[in-house]
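Student: Based on these hints, arrange chain B on the given structure of chain A.
If you're matching them up, the sequences are chains A and B in order.
Going by the working numbering, the first sequence opens with residue 15, and the numbers climb by one from there.
Going by the working numbering, the second sequence opens with residue 101, and the numbers climb by one from there.
These are computed hints drawn from the structure, not numbers from a lab.
Note that this is a predicted model, so its numbers are computed, not measured.
Do not rely on the hints blindly, as some may be mistaken.
[Stated by the list, open to error] A short, non-exhaustive set of chain B residues, derived as facing chain A with CB atoms under 10 Å: (1) Y119; (2) N124; (3) K144; (4) P151; (5) S160; (6) K162; (7) D232; (8) S267; (9) E336.
Where a beta carbon is used, it is the ideal one built from N, C-alpha and C, also for glycine.
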Amino acid sequence: MDQEEHALPIVIVGHVDHGKSTLIGRLLYDTDCLPPDKYSEIQKSSEMLGREVEFAFVMDCFEEERSRGITIDTTQTFFKTPKRRYVIIDAPGHKEFLKNMITGSSQAEAALLIIDAFEGIQDQTRRHAYILGMLGFKQVCVLLNKIDLVEYSQDKFIQLKVEVTDFLNQLNIHPTFILPISAIHGDNVAKPSEKISWFDGPTVLQALDTFYELKVEEKPLRFPIQDIYQMDGKKILVGRIESGHLAKGESLFLLPEKKKVVVKSIKKFLEKDVPTVHFEESVGICLKGRQKVRRGQILSGDLSFMISDRINANIFWMDPIPYQMGGPLLFRCVTQEVPCRIEKIHKKFDPASMEWVKEDASSILGAEVADILIHLESQVIVDPFNDIPEMGRFVLEKGRRPVAGGIIL
Amino acid sequence: MDHLTRLENKSIYIIREAYYQFKNIAMLWSVGKDSTTLLWLCRKAFFGHLPFPIIHIDTSYKFLEMYQFRDERAKEWNLNLLIAKNEEKLKGGMGPGQGSKLDCCNELKTNALKSVIKKYHLKAILLGIRRDEHGIRAKERYFSPRDSQFKWDYENQPAELWDQYQSMVEEEEHFRIHPILHFTEFDIWNYVKREELPIVPLYFSKNGKRFRSIGCVPCCSPIDSNAQTIDEIVEEIRISKTSERSGRAQDKENIYTMQKLRALGYM
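If we strip away everything but chain B, and leave its shape as in the complex, we get:
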């Protein structure tokens, strides 16, 4: 079995296991390459008929191309799309210019997520994070419990062996499921190429620049690149010396920002 197929089969097993264990679940879609890959894997797992909704946490600061891509795919793939926003904070003018990035991410992303989980009584959410994105994400489990405060008890994670994954214990609020933890950035792009997946155009070079990692407009910096096709992107990553998220401002605010954010319930 080739490498990508092996990764794919493991993800499909995990997605099906999450649905069996929790039933009332949803998938978080940021519209980026990783969660679009996850969405594709979910479609494979359920033979094209997803039995759960897809949630977009919209901070309202996303790139126009992301909104366009989201709406096109939702129609084409017949998705049950839910859009979650922290309306209250947005009305109050919350944004990356106001206060710290930690606060902004926490309010507009994490708290918007908390509201939607409570609203739909979701027992688990599927997310497209990967180990090689960040050292803190590399500590994650495939099935990761969150308590009623949405806290991640990273010093006391349950053992996870031989594909035996957890179901809920009383004190827990929900589970985070991470079916593509084992994919690397390189694997994702090779998979996108192999499956001919549609991808947000921002990843491709325009005027000598492209985005390696996308999020909100004010906090994403493009990199210098002339890669205009997937093959060129794959080649660029293969020889790259910098990390994928080096253009993401919230990671730079403080060395432990990601850990703090995740402990509060961030992705």
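Only chain A is shown next, with the shape it has when bound in the complex:
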């Protein structure tokens, strides 16, 4: 196996105490990816708290997390199977820490949704699943954990499986697998278990190995200007290719002005004569002639983008302080930063109850989701999230802190 291959990032979500952190600790331990000195540290720490070895302590490293038995913030660790490397992202299950769960999820390409087989679907299960749906996750595997607490019953598993499939389909999520496991005892995590001999599906590890890396598709160029550097009398526009590719000599549109410009050269440190650059590359560009340029402008390969000062979007509110309609916010999408207000709240949704709360509401509460109309102080360049996600997702800030994330419909 080529160790330099991309590690697939996977987030683990679910209601509080359904076993996310324990599962990760168990996965690392069972794949021999937990260094012995780390295991001793966990053992020692668990003993100090009068507990059996807590696999959750692999991820829960804050003293407060261990003594209170909760995950406060997202964290990441690495492990590998014979097939490839993974980055495992842990997410807190408490409603209070939703913004930390969103921070973690925003970095993943696939998700494991863990549900306590005894307790069943709970508020955060619904909320997290909703967010996964909104963030466009196509690869979700469901783990019905603590199967030992329902006596490894096949009937109970089937009953819950039907319930879960039904609920997820409503969110347009089609799980790759639904697996019975016990993270604490290690049943069906890295190895199949005799106690679940009636189950003929994969283990968690095998299910992970079926996830694929997101393919990069060919899309129109979007290059948002991040900054301008003056070097050797030249103006270098730096930024990242958010979609598509860019070639030397190519003719592009400088937005929002829609001015036609030509790429004179592409700059990379210690590389001469770079002909083309691609998606995700952070590069420097020099344009022909003298152009008025600033951060927030976008170089585009075509005119297929949306340009407007009024945008319809779907947002999730992360701040504990509710939003009153009309209050000032800052809209941030790639390098564009524009003051805005929410002009209309078409409808609100509480994912925990899966109910539309109100039509024409005037406020948005923490952990709620809403369909809104944003009014910006000036025009911005965006694309629908389903076309170019990088240009279709944004953050709303208040007092320079993110209070909501959203996607453009």
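Tutor: Just chain B, lined up with the frame of chain A:
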């Protein structure tokens, strides 16, 4: 795009974003492999012309090879190098033999850092910490605020999504920027190899021993190893069962020493 290039591009984006947001910034260089990698990434981000200084927090207990390496690179790469020391405590005889490791690290490293930030009114500092170094570092954000007491409010970190990074809020003193959080130890060595980066010779085996992690002489233990080239180091790490920092004494003093240190402003 290959794995290392993807990691590299993300780091460059973060470094450029930090410069744009804060302007008055500096990079902390411990002369180890991680911060030397970060330094290289900064050079890439600014096409070889760094618009900010590089700071070495010198406890005066570092290995001779580190001082030599530092001065050679500073000259070769034309760095604006600032050396920060807690002179007052050093004159008073502060060292790892005197009192706890927590105190020594706090005084000679953290407080030296605080002084230099205040002296130059720095708004942000770039650091080469990685998530896989320590469970506490794995909880970090790319842009991490510190208050006027240099405290890390780890129970209340701002959300960070879709590469939208924070700028300053009034009560804040400075930001810690961590552009290589997502690199693993393995990635760093592969990157060092690919870019042919110069590295402090202490990482390579001499007389059957080498250092996997370097810091101050009294608190670093070497490991048994015959790895004399980067390829051999990469292979050794690939099959290793122990953690990278298992030879660092301050991590061993108490399970929560790292958390306590970081809450006081440590790296």
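Student: Work down the list of hints and note, for each, if the structure agrees.
Tutor: A quick look at each hint next to the structure:
1. Y119: holds, 7 Å
2. N124: violated, 15 Å
3. K144: With Cβ-Cβ at 4 Å, under 10 Å, it holds.
4. P151: holds, 8 Å
5. S160: Constraint on B:S160 not satisfied, violated at 29 Å.
6. K162: violated, 25 Å
7. D232: holds, 6 Å
8. S267: holds, 6 Å
9. E336: violated, 13 Å
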